[in-house]
Structure formats: C-alpha cells, structure tokens
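Given the coordinates of chain A, work out where chains B, C and D should sit on it, guided by the hints.
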Amino acid sequence: MTPQATSETTRAPQDAPHLDELRRRVRDLTGRWQAEGRYEPRSDNWMRGFDPDFSRELAAQGLIGMTWPRHVGGGGHSQLARLVVNEELLRAGAPVAAHWIGDRQIGPAVLRHGSPELQAEILPGIAEARSVFCLGMSEPDAGSDLAAVRTTALPADGGWRVTGRKIWTTGAHHATHAYLLARTERGERKHEGLTEFIVDMDTPGVAVAPIVDLAGEHHFNEVTFTDAFVPAHRVLGTVGNAWRQVTEQLSFERGGPERFLSTYPLFALALRHAGPEQRAPLGRLVARLATLRRLARNVAESVDAGAAPVVEAATLKYLGNAFENDVIAFARDVCRPDRPDVTAAWGQALLASPGFTIRGGAADVLLSIIAKQETRP
Amino acid sequence: MTPQATSETTRAPQDAPHLDELRRRVRDLTGRWQAEGRYEPRSDNWMRGFDPDFSRELAAQGLIGMTWPRHVGGGGHSQLARLVVNEELLRAGAPVAAHWIGDRQIGPAVLRHGSPELQAEILPGIAEARSVFCLGMSEPDAGSDLAAVRTTALPADGGWRVTGRKIWTTGAHHATHAYLLARTERGERKHEGLTEFIVDMDTPGVAVAPIVDLAGEHHFNEVTFTDAFVPAHRVLGTVGNAWRQVTEQLSFERGGPERFLSTYPLFALALRHAGPEQRAPLGRLVARLATLRRLARNVAESVDAGAAPVVEAATLKYLGNAFENDVIAFARDVCRPDRPDVTAAWGQALLASPGFTIRGGAADVLLSIIAKQETRP
Amino acid sequence: MTDNARELRGLVADVVDDVPLDERGSDRLWATLRDLGLPLVGVDEARGGSGGTFADLVVVVRALAERAVGLPVGESALSAWVLAHDHEVGGVDTTLAFALDGEYREDMSVLRIPGVPWLRRSGGVVVYRGGDDASFVETGEDPRIDEAENLAGEPRDTLSIVGTAGTPLPSAPPMPDVRGRHTVLRAAAVAGAAEGAYRLTRDYVMQREQFGKPLARIPAVAAGLAGMKVAIVRLDAALARAVDRHAADAGAALPARLGAAAAAAVVAAETASVCARTAHQLHGAMGVTREYPLHHYTKRLWAWPGEVGSETHSAEYLGARALAGGEAAVWDELTA
Amino acid sequence: MTDNARELRGLVADVVDDVPLDERGSDRLWATLRDLGLPLVGVDEARGGSGGTFADLVVVVRALAERAVGLPVGESALSAWVLAHDHEVGGVDTTLAFALDGEYREDMSVLRIPGVPWLRRSGGVVVYRGGDDASFVETGEDPRIDEAENLAGEPRDTLSIVGTAGTPLPSAPPMPDVRGRHTVLRAAAVAGAAEGAYRLTRDYVMQREQFGKPLARIPAVAAGLAGMKVAIVRLDAALARAVDRHAADAGAALPARLGAAAAAAVVAAETASVCARTAHQLHGAMGVTREYPLHHYTKRLWAWPGEVGSETHSAEYLGARALAGGEAAVWDELTA
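So the sequences go chain by chain: A, B, C and D. Quick note: the first sequence uses my numbering, first residue 2, plus one each step. Quick note: the second sequence uses my numbering, first residue 2, plus one each step. Quick note: the third sequence uses my numbering, first residue 6, plus one each step. Quick note: the fourth sequence uses my numbering, first residue 6, plus one each step.
Looking at chain A on its own, in the form it has when it is part of the complex (with noise of 0.2 Å):
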C-alpha cells in the first residue's frame, strides 16, 4: 500500500485554546445577565429577543461582526470563531435580536457587493450595535418570489425615489436602517431589473405598522415606502443586480446555528425532566443535534477555505427546521401538569414554530436548491 500519511477528515482545530477563550467570554456575560434578572432565556430569541443593551455588550467584546477586516469594524476572526460565539448566544437563549440580521447578512452583503465607502459607512455602526437592520424583501403579493417585487425606485437627482410596501419585516419598529429589494427597471425578465438599496429608517416617506402574531407579539411589521428618497451611494452593489446578490446573500445565511438550535432552550429544559423510558428517542435527538452541529462546523470551515458550501448550508437548514419542531414534539412527552415551567417553554416554542419553517425558505424550496445543484448537467 502506497498512502502512508493519514487522513484524519479535517485539520485539528489548532486554535483550540483562543476558541475556548471565547466561549467562556460568552458564558460569563450570559450567565452574568441570567443570574441579575435581565433576561429569561427562551426558544427563538435570535428573532424575538431585541435587547440593544445586550448586542452593545456583545459588541463592546468585539463579538459582533467577527469575521469582518478591522478595518471597517471587524474581528478578522474565523468563520469558525464565530460559529462558537453564536452557538453559544444560542444555547443561552440570549436577546440577540437587535444585531443578529445586520452580522448575519447585512454586513457579509456589503463586505461582497458594497464600495469601500458604503462598508465604511454601514459596517462599523452593524459591528457596534449602533445600527439595527431589518429586512425589506417580501410584498404583500409576491410570496417568496422575490422576481415578483413591484415596490420600485426611480431615479431622481442624487438618488432614487422609491415607493411601495413590504411586510412581514421582522423587527422593523426598532430598526435604524432597512435593507431594501426594489425595481429600478421594468422588462420582460423579472429577475431583472431589480436593485438593493440600504435605506435609513428615518427617511421621511418611510412608515412602519404593527402586524401582531399569533402569539401576540409584535415582532413583524409592513413597511410603507412613499416617495421616499435614498442617497444615489446608498446602492448596494450594481443597479439591476440584485437578484445574483440577493441569491447570494440568501444562500450564505442557511448554514448558521440559529437553524437548528431555535428551540435549544426547550431541549435543556425537556432533557431535565426527561425520564429513562424516554431514553430512546432522547437519543436520537442528541445524535441528529451532534450532526447538525459537525455540519454548522464543516460549513464554516468551508466558507474559511473560500468554498460556497450551498448544498451543505441547504441541508443543515432542512434537516434544522425538522429537529427543531421534533424538538418540541419532544418537550410534549415531557410535559406533565406538575412541570408547568416545561408546558410554558413548550407552549412558547410551539407559537413561535411555524415562523421557523417560513424564513430562509421552505422544505421542498431548499430541496428544489439541493437537486438543482446535484442534476446540472
């Protein structure tokens, strides 16, 4: 036999100690917040829990917008450091509301398509916790055929002018920018034409109404845009390039952690009660979350190494979504009326499941994304 070398799969993590580091950093202020009473932690607070103050401490230990150069803001860290902060923002069921959209996608958007003035101008208020981004994509009437947005911008002196709506925009009543999708040209092709702006939310012509969910909270928004001007350099990118860029962007944000530990703080609360006769399926939980996790990290290294991993982030978002509503299921079978702190968590859990599903694309989209890319010729 030839090969001699080994081939462990991956390189040992060889900053091992500096991610430890980090991790502790996270549990302290955590656990600091937990134990003064300034946050319960709970399923889904990436989306739910908007808390300034908490994004600002995060962000004064240079944990927001991490990978990013430091010139505009960054940590310069891995994809990796990174992954280990937010899982454990995520494991502590922490208020991460307010900066998690502009890290996320915001922030890598501008990094990809903005001009080196709009990083500088956008990217430092994201990695400060100063700027709360929100995301103007949907309309009442397109779905998620984003082709099909009709709210539009046209050209106007210094800028654009752009008037339309969009709606179920998370966390729109505290944001501070809004990124927006719009059409600048009307052709045949709809995936033409369409452009992305990044849009102060104090823009006058800008308005935002409440749309309550069925939990009662106030977390969606519809946006009303009416003849609302956007400085021509607020362009993200290329005019009539947004559906390449948005594609991209939307790619690039299914591989992360909150798409399968949504609902962690209700597996740590239903393992506590659990009993042995449930050990069975309480393994196959731990095993299924063991993987999802291995693939959140082989996605990080790969986006490290420069790949675009869209088969692997497609999957750990549809194999997330399924554990985190199996999760809940679950929780049920742990629920007795003597717990009633686990039937709580549980009902908070299961009000906020069907949003998990819709974000970042539905089951059979994210397969069709798979197949397209397994059956090109």
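Think of the hints as simulated: they come from the structure by calculation, not from any bench. Heads up, none of these hints are tricks.
Across the chosen pairs, the derived CB separations fall in these ranges:
1) B:Pro378 - C:Asp137: 51 to 61 Å
2) D:Arg204 - A:Arg337: 46 to 56 Å
3) A:Arg337 - D:Thr172: 47 to 57 Å
4) B:Thr227 - D:Pro25: 27 to 37 Å
5) D:Gly331 - A:Asp21: 13 to 23 Å
6) D:Gly135 - B:Pro277: 23 to 33 Å
7) B:Gln374 - D:Arg204: 31 to 41 Å
8) A:Arg340 - B:Glu278: 22 to 32 Å
9) D:Thr172 - A:Arg340: 48 to 58 Å
10) A:His192 - B:Gly206: 47 to 57 Å
11) B:Pro277 - C:Asp137: 22 to 32 Å
12) B:Pro277 - C:Asp40: 48 to 58 Å
Idealized CB from N, CA, C, for every residue including glycine.
Relative to the frame of chain A, chains B, C and D by itself:
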C-alpha cells in the same frame, strides 16, 4: 333540541351471521391447506403466490366474482362480503395470485364496459378460476404515463392486428388471457385513441419473456405482440375511449384490503415475538391497522351504495403502503439471532417491498389524485 | 352521514356561523347552545337531558370544533350523562375531572387536578377519584379554583379538593368508560379543528397566486393539501369505528370500546400534528398573524390532543392488549 | 478531503471499477485487495500491517461500499488491529465475533455466535466473550461453522465454540472500543452504499424521460433525489465526527468515542432506510429487476445497519448518557 333519532354513522351489519359464515369458510380452507402443507403463509402472496388449484377451490365455494351477477357466474354478494373473504385470505397469506387480478380488476371492467356477449364469454371463466389474467399496460418507455402507450392495434379483417411490447406484466407466463391497452388512432392528444382489448395468450404472435426480480423470483415478464390477431368482439368498451375506462379501473383497484395487508403475515409473526418494550410502536401499528380496515369497509359500503369513493380509495392505498413498510421496520426490531423465522420473513417482505409502492400508483401520484378531486373549482 | 347527523350539523352551523371568531368562546354563545340543549345531548330526556345518542354528541362536538368553538359542550354532556345515572340533570353547567390527571398532596388531604375545562364557569364538577369512585362537587362550596388557560386561551383551571368533599355517585359508570368516551369526544374535536384548518388552507391555496398561478397548482403544495385531507379521512374512519363500538344497541364490551377509543386518540394526535404543521407551511407568513383566522384552529390542534391522556399512553395500552391477546384477538377486534 | 483520502479512493476505484458487479465478492478480488494490503490498513507496519490510520480504513471501507463490494475489509483490518496488540499479523485472513451477538448453551459449554462476516473463508476469528476477554480462535481446529447469508447474499456464518477454545489476547483493547470502531466502519459502509444507490438514481432520473421531460424535472422526483443527498451529507458529517474522535493523536476518551460511534449508527440507520426506499421509488419497476444494478446497493442498505447492534440500542445508549450527564455534558461533547 329537535333531532331525536340516532346518528350511528353506519348501518349495523344486518347480515352479520352470513359474513361470519363466509369468514369461517375461508378459515377452514386456508387452515386445511396449511395443515396439509400445501402452502406456507407469506407476505405479498396475493402477487407472488400463484396456485391455480387453490383458486379453483375458492371458485368451487363461490368465493371468486362474489359481487357479480349470478347469470355471469357471480355470487350476487355485497362488496362488504367480498371484503370479508379477501381480508381472511390475506390474513392467511394464501396463494391467490391466479385469480386476484381477474377478480379485482378485469371482472368489474368487463361488467362496466363489456357487451353482454363479452361478459358471457369472459366472466364465468374468471369466476371458475379457469381463466387467468395478466395486465398489458406498462411499456418500456412509458413508465407510469399510460398515455404514452405505443403498442398499436390496426384494423384488420374481422378484428385487429396488434404489434408492440408490454413490460412488468405480472404472471404473464401463467396467464390464459391478457388485458391489453393499445393505440388504435394516432392523433394530437395522447389521451385519445386508446382502446382496451382482451387477448388470448395462446394467440400466434404473443410471446412471453421472463424478468427475474431482485429476490431472484420470476413474476414479471415482457410480453411481445407481433401482428397478433384480436377478434373484433374482444374490444372492451368503446374504441378510442380507453383513457376514461382505464382511469376508472385504476381508481377502483385502490381501495382493497391488499393495500395494507400485504405484510400481515409478517405482522402476525412479529407480534408473537415482540416484547413489552415495544408496546408503544406496536400499539401505533394496531391503531393504524384498525383504522385502515375501517377505511376498507367504508369504501366497500360506499361502492355498495353506488358511489365512487375516489378520495377514500386513494387515501387507503397511500396510508396502506406506508403501513406495510412500517410493519417491515417494526419486524426488524423483533429480529434476533435466535429467531431465524422472523428474520427470514422480514427479509422476504423487504425484498418484496419495492413493489408495494409501484403498483397502483406511487405516493406522489396518489396525493395528486386527491388534490385534484379536492380543488376542483 | 345520516339524516340526523346532517340536521345536527345544520343546527350548529345556523347558530355559530354568524358569530365572529373572537366571540366563539363567549357566555352569549354558550347561553344559545344551552337553550338548544346541545350540552345535554346524549343524556336521556327522562333524566333532564336532550335525548339523542353518544354518536349525536360526537357529531355536535366535531361540528363546533370545525368552527373553532372551544366551549365545553362535550365535557358538559359527558358529565351530565354520568350524573344522570344518579340524578336528574340540567340545573347547572357541569364539567369533568379525573384524579389521574392530578395528584394528591403527600398526606392525601388535598387532591389537585389541573386542566379542568371551564371549571370557573361551571356550577359543579364530576370527579373521578378512581375506578368506581365518582362524586359530584359543587363549585359554590368547598373547592379552590386556580384559573389557567391552555395554548388556545381556553379555561383549563386547577381544582383543589380538600378531603372527601362531594356527593358520592354510586350508580356512575366506571371511570375507564367515561375516560374512553372523553377520549372519543376529544378525537372528534380534533377532527373538527383539522377540518377547519383544512378548509382555510384549501381556500387560501386555490385563491392565492405565486409565480403566476394558484399555489394549489404547485405540486408540493397540492401534495401538502392532500396530506391534510388524508389525515382527516383517516381520523374520521377511526372515529366512526369508535362511535360504532359505543352504539347503545350494538355496543361492544368495555375493552373493545376502550381499544377503539385509544386507536382514535393515536390517530387524532397524528392528524392534529400533520394538519397544524401543513396548514402553517402552506399559508407561509400569512398564517402566523393574529388577524388571520388560522391560529384559531392550529392552536387547538396543538393544545387539544394531549389534554385527555397522552398519545404514548394510548399507544402503550393498545400494544399491551395486542401482546396479551395475540394475533387472533387483534384480528377479531379489527374486523368486528 | 485530504490528499491521502483521495489517493486511497483512487486506488480502490482503479482496482474495482473494471470488475463486474456480480464478481465483487469473489476470491479473486479479495486476493487483489489483499495484495494491496487493504485488509490491513490501520494496523502498524511494525506489527505486519499496512500502516495508516483508522481514518484511512474508514475511507477504504466507504469507497469499497460505494462500488457494492461486500468483502470484509473492515472486519479483517479491525480484527488484525486487535491481534496486533499481542502478535504480528498478516499470515491469515481474520474476522471478528462478539459473544453479545450470540448466546451460550444453557450449561455454558458452547458459545454460538451467528452473523460472523465471511467466517467460512477466514483462517481465524477474534472472539470477544466479554469486556476484556478476547481470544483468537483458529478456524482450522475446534469451532463449528454453519454457513448462512444475509439479505445481500454475503456470508454471515454461525460460529460455535466449545468451552474455552482459543488463544487468549491479554493486550487486546477493551471490547466496547472494538465494537465502537466496528460500528463506525459499518456506518462508513452504509454511507458508501447510499452513495452508490444515489449515483444510480441520479443518473436514472436525469436520463429517463416521462411526460416528455427528464424525470428529474418532476418536483416530487427532484425532492426525492435531494432527500437522498441530504441523508448522505448528514451521514458523512456524523462519520467525520466519529473519525475525528478516534484520531490517534487528538482522540477522545472512550465514552466520547462511543457516543460519536452511536450517533453515527443512528444516523446510518436512517440514511440507509431513506436511501433504499427513495432509490426504489424513483426507479419504479426498473429497480426491482435482478438485471439492473440497484439491488446490489439497496440489499446492503437493508442488511447492513442492523448487523452491528440495533439502532434502538445505539439510541438508548446516547439517551441514557444524556440523562446521566445532563445538558452541560451533552453540549461539551457536541462542541468538542
């Protein structure tokens, strides 16, 4: 409150003693044959268990063609009575393949669409288990798209000349007759111009070649027609109208007990060896089985009442296939090295299982049939 | 469906359909249902009930749930049916509580039962302490009521009884019988809520367009919709079987009745889960707003199945019986 | 994938790809694999092995299974690795048997172990009677061999040993360690067979047309295909984790290794089931013929997962550990 009468959902089985008598007759017969070592119960034996002697014994007792009119050799029984007989045969894992297709599918089709002469020619032979039918539907390049049939029947003196190839024809090597779907007209619309025929297998120009399956057994065949003559009176129904006729035929065949009882012999064996730690999964199987049987009863009673329970029949087949496969998965957990009989029965059912979902429509086809019925404007 | 069932369904539709969704748990609607005698269906007229059978009650409960009515018609009628074995009924609204859903304080002096439907608005409650130990506790007197709600916001209060409070009900049917009937009624309610969610979903995917055609034309959407229908057809079959076993004239022995009830409970849990999940999937973001009516159904599909015993318990009961009785017993019950 | 893994995969491809499917269990192919030293990968060269690591062995086992090779390279190499703790290896082909898969005759005089891979063609077998009780039994002498096959037609013979036959292996690693490695190797084999089934299926649905377009364009077919891919990506992730835990230099403590092996086994069972079912679904009738190669993969996907301990057992092991260790322990192992 006005309504006073009761609303028991179904009439009481008024002919219960009669049904019990039928049950007893089947049990006596299958019990005797097993005791005499004339067959071994096994899964999927309604497709794999070909024994003309057994079918003739059933016929002698009036248990084939039970629902057909007496003047064509039938028994004038209800569908419910037929269900009782067939479910007992399936329970016993009896070798009923020689008459199953004729009894279930061909007989009813001939009754609905055949001329009185054709009925008189064909039906008594099925009811007496003298005639054995195979189905010439699928073709090498058509898959489940029956409209893509290329086998051609050209008008000839006194009838038709058939040329083409049929594939996956179960039991053609035993059959005396074939049901044949052929194109009699080549037009714009693929669904038109198809005609159903009944062909004698000893017709010159009809050749049968075996296809061995993955269990090493021979049930499938390829049947080649080379200028084979079919007399004019062997057209079933109306020339060119086969599409509608065959759709009815297929919807009719979905609601029978063989759609969930194929693996009942394995279920019975696994039940004997299961332990108390398996009571929850076992109980779920029992609940599903009981519900499926009720569905089969509903379908039978609905047909007796003159209705066409398309959704119920498709539901039964969809759920039944899943149940059969889950029985196999359950049996795997009962397999132990010291129970070679369970392991052998499990393996036999498993090797048969890919066929369960093929015949009569795959899961997605069944769901789309249901959706189509339910979303008619 | 029998003529009578059709008539009862029509009656429910007439009364409920014009009531706004948010008011379908109101005192006013309850008063209307009472006036019509619905909370006493299945109870002998000679004992103060509305007449009719258990099958009729199942029809009523399913029809109400189809319309997202969470009022305790099933529990009222079932507790009245129990009471009617000893007393005339109809004076006060009653509900039902089982000690096996609660626990005794360590010294056995206090029995606490959480999750009692609409206790706060009942005049009394039938309490089963054990197999034959039923009693009637009037809520005016002794017991403490701690108010609570389930996920759908329906009253599920905690009853605390000190000592042996209550009037014994010596002729009451055995607890498993009553529990089995409660299970069947709950399965009927799940079927109704599933049907309600299904109708909303079907209308939504037929009307809503995406990529230029109705959502219903997208194969994955059509398959999801069909999956809901499959789940409902299946539950209705399990329900029909359980109702037949409980028929007054041709009813089965208690174990067979309980088996059919447990089977319906297992199927109901699965149907609830499939229908809630799929309805939300197919509705997308629209389904998660408070304004849109879907949550009136899906919250009930989440809350209801576990309230009358767990699915696992029902499955274990069926499995244990199958192990004990063997294949022949399973088959006989299947084909009865 | 590392360069080394790529090289090993290339080696397997070179040797196997030209061998007809029906001959991939032949003595001739075995001789070729032996000549290349593959059945001794992961065993120290100084002890007669081929060198390389456990990770290398996993790569080889997966690559062979991708090509429907059912020869016992994993079992040979693993048993040789055990033997090498006491002896030089390489003289005879060896395989592996665990008493916990079998049973003792009532008087404990005979140990019968069914399902021993390729025992009939091995010169000896490493037998674990218990945690530290390993011995080497030469098949030339005492033991009785009853031949049998699994569903895929691979030799799975029954070994019967009288009394304490065999040479003790005092330095052998503890049984759970070996069992855990066997579990990982089996999960790797499942991944390979799943990949083989996936490739055939992908090619089939891309080439085959129905309703005028490739099957792959039908959404339900595309979703099925993607579901297979998802299952394989997931199993490979579980496998990578288990391999890392077994790495010679940075390897984890035994319980963590066993946990990762059990997780891989749970995921492998699910992957095998999804991939076999979907491959057959998407192939339709074509897939059930003996002539078409699919069954070479799917029969193995059916047979293999249950042979090295049941999925339930692995799940219970993980669950029991989670209950004992609590959330913090679960998390630490997750993120290690």
